[in-house]
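Chains as they are written, first to last, in our numbering: chain A, 46 to 355; chain B, 46 to 355.
Incorrect hints may appear among the rest.
All copies of an identical chain are treated as equivalent in the list; a pair is satisfied when it fits inside any one copy or across any two copies.
Listed next, the in silico DSSO-like pairs over lysine-lysine satisfying Cα-Cα at most 30 Å (straight line) [to be verified]: (1) K266 x K236; (2) K172 x K350; (3) K172 x K80; (4) K240 x K223; (5) K141 x K314; (6) K106 x K314.
By construction, these hints were calculated from the structure, which means they are not laboratory data.
The residues making up each chain are set out below.
Number of protein chains: 2
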Amino acid sequence: MNEIRRDYLLDRYVIVAENRGKRPYDYIQKAPPAKEKEGTCVFCPGNEHLTPPETGRIGGKGSKWLARAFYNKYPAVSPEFPKALGRHEVLVETPKHVAKMAALPEEQIAIGLELYAKRVHELYAEKGVACALIFKNEGAAAGISLTHTHSQLIALASAPRLVAEELKQYGEYRRKEKACPYCEVAEREGKSARKAFENEEFLAIAPYASRTPFELLILPKSHLANITELGEEERLLLARILKKSLARLDKMLNGPAFNYYLHIQPKGKDFHFHMELLPRLAIWAGFELGSGMYINPVAPEAAAKAYRGD
Amino acid sequence: MNEIRRDYLLDRYVIVAENRGKRPYDYIQKAPPAKEKEGTCVFCPGNEHLTPPETGRIGGKGSKWLARAFYNKYPAVSPEFPKALGRHEVLVETPKHVAKMAALPEEQIAIGLELYAKRVHELYAEKGVACALIFKNEGAAAGISLTHTHSQLIALASAPRLVAEELKQYGEYRRKEKACPYCEVAEREGKSARKAFENEEFLAIAPYASRTPFELLILPKSHLANITELGEEERLLLARILKKSLARLDKMLNGPAFNYYLHIQPKGKDFHFHMELLPRLAIWAGFELGSGMYINPVAPEAAAKAYRGD
């Protein structure tokens with residue numbers, strides 16, 4: 046039966062509408078993947094001169110990089126826009142011309158995460174940067190522009206709307222309950238029917254108030270404020286659960302488009318960082334746009350079960 | 046040059062990113078409209094027995110109705126869902142089997158608005174209903190299910206997230222400034238480069254912090270809390286500006302998909318009602334989903350100019 050559910054922290058509600066008669070496997074994608082544009086891939090090694098200036102890399106000199114960051118060619122924000130200050134970078138997680146993040150070995154994903162951490166660390170040392178959002182678009186329905194897998198980083202002078210709201214609720218919970226709400230979510234949901242995957246440090250759960258079918262929340266069990274706090278071994282564990290989640294999603298639903306993003310601490314703030322993965326399977330229509338609520342026809346418990354392959 | 050803009054009321058920000066080199070007419074749709082499914086249209090006169098029970102109508106008996114409301118076949122909320130209480134109805138604005146609202150004469154649109162007002166009036170007299178959201182999806186990209194033009198109404202026991210937030214900001218502004226913020230928006234923006242259309246009672250403006258190319262805000266110049274407060278003549282004026290907006294959008298961009306919705310007073314609250322029209326021209330990707338901010342590549346001033354056809 047249908048149920049209105051509130052987000053763990055936000056004043057954001059979802060109507061879980063199982064009565065629509067949809068089952069998880071009704072979301073298997075039928076369309077073939079979009080054809081790649083022909084021509085030179087500016088994200089491939091050897092074409093570094095075709096990108097805007099580099100801002101960071103992992104690996105060797107010249108074309109010997111393993112992951113590489115550079116300015117976005119069409120920045121949304123920039124130090125040069127007085128009314129839209131910020132940084133906008135592209136983060137390429139692999140030198141291989143591969144469209145799917147799920148196809149990369151976990152060691153390569155870990156190198157991508159190392160680049161994320163490096164850029165956040167460096168940008169948080171700069172003036173005028175208060176918060177960075179790293180996000181990935183994969184597939185046409187997720188707003189992709191170039192196929193070679195990559196993410197983007199947008200750093201702003203203040204925390205964006207959703208991060209600011211999470212931070213506020215986080216702070217209020219800490220003051221009242223003397224505990225981290227995300228630590229409690231990890232503890233409680235890690236034992237629930239909503240757990241999809243788990244390893245020594247990370248959990249992937251279908252959140253209680255999932256906005257979309259097969260949404261996942263990936264969070265560390267330890268109280269870590271930022272991806273910059275991860276050591277090499279922990280980055281590999283995050284890469285492992287991320288690859289497992291993406292590979293399972295890809296196989297289960299025939300390569301659906303998705304977005305993921307990281308919510309990390311705004312500079313100097315206490316927080317518990319996490320990733321949110323949103324497959325693009327449902328169209329948010331007039332109700333979602335006008336209400337700020339969501340209708341999700343797949344119960345998170347059913348999504349978690351499908352991820353686990355029970 | 047790019048610019049971060051704040052919404053009139055909400056703590057919601059948009060990056061107007063004109064540097065992406067897009068011009069308004071780059072959004073002309075190329076795809077032909079989706080083919081209609083064959084078979085009986087359950088929204089057409091003569092098929093009343095195929096819909097769930099009727100909740101209201103304008104016009105005569107039997108199949109002689111001019112506009113008709115009934116329960117949604119797959120309700121998101123219902124008096125029968127203890128954990129998802131509410132009402133979910135379909136509002137068919139015309140007996141004619143027409144896919145585009147813009148194709149209706151303004152007198153017929155006014156009849157549709159009369160049905161909206163009637164259902165809101167009746168539902169607001171019921172227990173357990175605190176706020177109604179009326180919305181329309183038109184076109185595949187906007188989440189349409191059946192082509193015969195129609196809207197939906199979802200009534201809930203409390204104001205949904207975005208309405209609650211507008212109401213809160215509205216109340217704070219009223220207390221501080223001793224004025225209605227929407228009256229001031231109408232006064233100020235009605236004289237600006239963001240005005241698209243105007244008549245004796247209504248304004249259509251491309252809002253300062255438009256989330257998407259060609260967004261429109263339609264609002265009464267008079268301080269009216271709800272669509273139920275409109276008389277026959279004012280409904281015709283709202284129908285006129287709505288038709289003008291939709292017809293111009295349709296012609297200008299070759300029939301793009303869109304959503305619109307009405308933000309009206311939650312029961313017993315002071316407010317200034319308005320409509321928001323969002324063409325589905327841009328994909329909200331990882332940045333929008335993760336930040337709650339928007340990147341809009343068309344300046345509202347350019348959108349308003351294109352609407353006016355200057």
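Hint by hint, here is what the structure shows:
no.	hint	verdict
1	K266 x K236	within (12 Å within a copy, 55 Å between copies)
2	K172 x K350	neither (45 Å within a copy, 38 Å between copies)
3	K172 x K80	neither (42 Å within a copy, 54 Å between copies)
4	K240 x K223	within (25 Å within a copy, 51 Å between copies)
5	K141 x K314	neither (36 Å within a copy, 58 Å between copies)
6	K106 x K314	neither (35 Å within a copy, 64 Å between copies)
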